[in-house]
Structures are given as structure tokens and as C-alpha cells.
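Trainee: Sequence:
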Amino acid sequence: MATPFGELLGSSTADMNAELADYAKLGVDWVRLDIHWDLVQPTKNGGYNWKLVDKVFNAIDSAGMEVLAVFNNVPKWLDKTLSTSESQKALADFARAAAERYGDKVNHWEILNEQNKHGVTPADYAAALKQTYTAIKAVDADDTVITGGLAAVPSTGSGMWGAVDYLQQVYANGGGDYFDAVGYHPYTYPLMPSNNAAWNGWEIMETGIRGTMLANGDADKQVWMTEMGAPTSGSGVTVSAAEQAQVLSESVALAKNLSWAGPIMWFSYQDSAIDAGFGLLDSWGNRKAAYSTYATLGNQDNNTPTTGLQAGVANVQIGTGRGELLTGNNENNRLEGLGGNDTLRGNGGDDLLLGGDGVDHLNGGDGIDMLVGGPGDDVLSGGSGADVFVFTDTQGRDRINDFLTSSGDVLDLSAIDANANLAGNQAFTFIGGKYLKEAGDLGVYIDRVYNKTYVQADLNGDGKYDLNILLTGVHNMSVDDFLL
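Following the working numbering, the numbering of the sequence shown begins with 12 at its first residue and continues without gaps.
These aren't lab readings, by the way, just hints derived from the structure by calculation.
Computed from a predicted structure; not experimentally measured.
Glycine included, every Cβ here is placed at the ideal spot set by N, Cα and C.
Heads up, some of the hints might be wrong.
[What the hints assert, rightly or not] The calculated lysine-lysine pairs, modelled on DSS-like cross-linking and capped at a C-alpha distance of 30 Å, are: (1) Lys87 x Lys62; (2) Lys128 x Lys91; (3) Lys55 x Lys148; (4) Lys100 x Lys141; (5) Lys141 x Lys128; (6) Lys91 x Lys116; (7) Lys36 x Lys116; (8) Lys463 x Lys448; (9) Lys232 x Lys91; (10) Lys100 x Lys36; (11) Lys148 x Lys128; (12) Lys91 x Lys148.
[Said to hold, decoys possible] Derived CB-CB ranges, DEER-like: (13) Gly75 x Gly185: 33 to 41 Å; (14) Asp49 x Gly185: 25 to 33 Å; (15) Asn340 x Ser489: 30 to 38 Å; (16) Leu415 x Trp210: 48 to 56 Å; (17) Gly247 x Asn462: 51 to 59 Å; (18) Tyr465 x Gly222: 51 to 59 Å; (19) Ala149 x Gly247: 40 to 48 Å; (20) Val248 x Asn462: 51 to 59 Å; (21) Ala226 x Lys267: 24 to 32 Å; (22) Ser489 x Ala149: 51 to 59 Å.
Sequences and hints are given; from them, build the entire structure.
Mentor: And the structure:
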């Protein structure tokens, strides 16, 4: 997750902890956070004030997430374009101080942000990068140094450097030996990442950025997508909520097939006045379609049955958000309905079916399938094979028609915070057929008269179910049938 200016640094402790708790539910692995140099060192000889940064980094570390720290916001007492030896040395000194202070919590550092838009020439950047890289490595040689995420500018002009031109000149000025990965921001809106228009940010990355790295002998280095997103509101170009979710899902699907693709940092968590429309939540805290998409994708890698499921995807289909029929083939399929009342049929292969919003019908068919209904009262059928039924929230009352413990089917509830009364993402406690009583209790209740089994959970300790999943048939379930 890439945080906009001051999002966590400016939050109250309670707001910060609540946001990080939701990050955990979403399956966030990385938090990209600016170290506001101008706030930490506002004057030349006044020393450092790390108080705000300490608070946030300690909280992120306690939440079990990795930090990508960005050196940004050059203080006023220096040249913001880093055109002087004084400013270049000051950046290196600041980076060394940060690496020394946070060596046990931060191992990844990004040097500036979209500098190709802000007057920093490639030559000056390369000079600053050399000193900063050397300073960080002197503290910990194993730390990772990433170039500042380049803005997806197609060509040089109007006071900005084209992303590819800029990287080429960084290499030409001797900067190639002073970074471990290239940072880049492959924004594509209003296009989708799969669109091959020459000015599309993803296309620029796959051809120009990667091509430049290969031409300079850096095939072994990754491209880290340290910002990616699309706005659903604001004064400029916008996309619909369904299109925003599609940008996210396409980005992940494409990156999975690129051996050189590093992490994708989604920008951002919640809409703000400064960066309108980019959030998974709107400014009032309401979830957009991309929230469910992120939760599904973010939690795929958090348990064994789902980690390798989508290796070698042969067929990707993404709906329009209006409700439709998507049908896979006999290979590995990824079908995503987005909004609307969708019917997704995986057929053969190991499939990933994502219903999204609406009342959806998902059928995996043959193979080891993962089915994610999303919000709404969905109907799920895994078909043959050891299937995973994923639940990321408590909305809706889903029905599973063919759950079979003998086939290795499991219910994945790991994305749901079992106890709303505690910070963080708590796991459920399996209580079998006992009555729900405590927050986090997960019970299984059999109705033999009507040939049904109910999986229910209490999230707040009121003794009533907040999660309700109906399984057709009588199932004597144990804790082994769940990912908690």
C-alpha cells in the first residue's frame, strides 16, 4: 500500500492503528511511506526530530508488515533539485542517519519520488544516488536501495523528463551500479494496463524501462511498481469504480507473468482532498469495488492452498460490472465478474473465480479452484478437486452446494478479523457445535431435517452470528476444514 502525503504520519494514534488493522484484513504486505525530510530536519543545524516517524514505523513493524521508506520532501534550506554538492551530501547524510536509526525495522529505501517531474536532472540525481547508496550500504550492505519511482511521462518536454530518457541518462552518468532495483509508477488510466498504446504507463515499463535495464546489463534487477492506481473522482481524468478494480486485478495478473516484476504498491487506501479518488475507500469510509478485489488478491498468498494456484494462467476474463456470463476453458482460468449479478464457470484447470459485488453464481468445474464470491448472497460450487472457498467479509449469506471434506475442500476465513474488539486481524476459534458466546467463536450447526449445515461466527461477543454460510447437506466438520 502506498500512502499519500502525511496519511499515516498525520493520523492520530487511534486512527493509525485502525487503518493498519484494516491493512491486515486486506492482506497488505508492504507499506510505502514517505520520510518527510523537511519535517525531520527542518533546519540545517537543528538536528533530527524522528518522533512522528518512530510512531508509524514502530506500529507498522508491530503489525508484521514490511516498510518501503521513501526519502522525499527536500527541506527548504537546501536546493530541492539536488544540483549542488551540499544538497547531494545532505541527502546521503540523512539516509545514513535513517538507516542507522531504523536498521531493525526498515531494509528497503526509495531515493526520491517522481524526480523526473520535479526539476532534478538525471546527472544530479545520479550524483546524489551514488552518495546515498554508499551511505546506506555502509550501515547495512544487505539493505535494498531503489531508484525514486519514475512518473510514467512518455517523452521529455514541458519541464519534465520522459521516464525512459531519464533512466537512460542515469545509466549514462554512472548511476547503474548504485541501485538494486528500479522504481517506477506505471499509471495507465483511463486505459487498462493490458492496452498496448505507446503512452500507456505499463507499456512504457515493459518496453522502454525494461529494455533500458537489459541494454545496461541489469537483467537480474527488478522493477518495483512503487505506485499504481486510478482515480474514481477528481478534477482530471477519472474511471468508474468497476474500472478501478479492473486496473488492480489486471496489474496483478500481468505482473505474475513477468519474472522481473517486483512488488506493486497500490495508491491509495482512502480518498483525500489532496489525492482525490484514488482510494479503496471513499472519503466517508465506504468501500469501493477495488476494496474487495484487493482483499481477495492480498490474501491469496497468506495460506498454503492458495499460494501457487494461479501459476501459468492461460485465460483471463474480466467483466464490465454489469452482470454477465464468463466461461473458462480446460486450462487455468482467472474469471472476475466485478459488479452485477454474474455467472462464472471455470470448467477445467485450476481456476480463480472472483464474483465481486452482486449476487453471483460461481462454478469451478474440474481442477483445484479458488472461489471468492465477494459481497452479496452468492451461490458457490467447487466441482471436483480440492477447492478453496474464500470469504473476505461478512456481507451476504452465501451458499455452497457441493462442499466435500473427503475431496479436501476448505473454507478460507483468514481475511476476516474474527474479533472486532481487538486491534489487528484475529483468527477464529473453532468451537464445533457449541453455542456462540465469545467474539471470535466459529461454530458448525447441522439441520438434519432440512439436510443443511450452517457455519456461523460471532465477531463482537454478543452471542449472535455475524457470519453465516450455508452448506447443502450434512457435514461433520472439524477445524481442519478451515483456514482461520
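Trainee: A separate judgement is required for each hint: does it hold in the structure or not?
Mentor: Hints, one by one, checked against the model:
no.: 1; hint: Lys87 x Lys62; result: 20 Å, holds
no.: 2; hint: Lys128 x Lys91; result: 12 Å, holds
no.: 3; hint: Lys55 x Lys148; result: 24 Å, holds
no.: 4; hint: Lys100 x Lys141; result: 10 Å, holds
no.: 5; hint: Lys141 x Lys128; result: 20 Å, holds
no.: 6; hint: Lys91 x Lys116; result: 28 Å, holds
no.: 7; hint: Lys36 x Lys116; result: 21 Å, holds
no.: 8; hint: Lys463 x Lys448; result: 22 Å, holds
no.: 9; hint: Lys232 x Lys91; result: 28 Å, holds
no.: 10; hint: Lys100 x Lys36; result: 41 Å, violated
no.: 11; hint: Lys148 x Lys128; result: 27 Å, holds
no.: 12; hint: Lys91 x Lys148; result: 24 Å, holds
no.: 13; hint: Gly75 x Gly185: 33 to 41 Å; result: 38 Å, holds
no.: 14; hint: Asp49 x Gly185: 25 to 33 Å; result: 28 Å, holds
no.: 15; hint: Asn340 x Ser489: 30 to 38 Å; result: 35 Å, holds
no.: 16; hint: Leu415 x Trp210: 48 to 56 Å; result: 50 Å, holds
no.: 17; hint: Gly247 x Asn462: 51 to 59 Å; result: 55 Å, holds
no.: 18; hint: Tyr465 x Gly222: 51 to 59 Å; result: 56 Å, holds
no.: 19; hint: Ala149 x Gly247: 40 to 48 Å; result: 42 Å, holds
no.: 20; hint: Val248 x Asn462: 51 to 59 Å; result: 53 Å, holds
no.: 21; hint: Ala226 x Lys267: 24 to 32 Å; result: 25 Å, holds
no.: 22; hint: Ser489 x Ala149: 51 to 59 Å; result: 54 Å, holds
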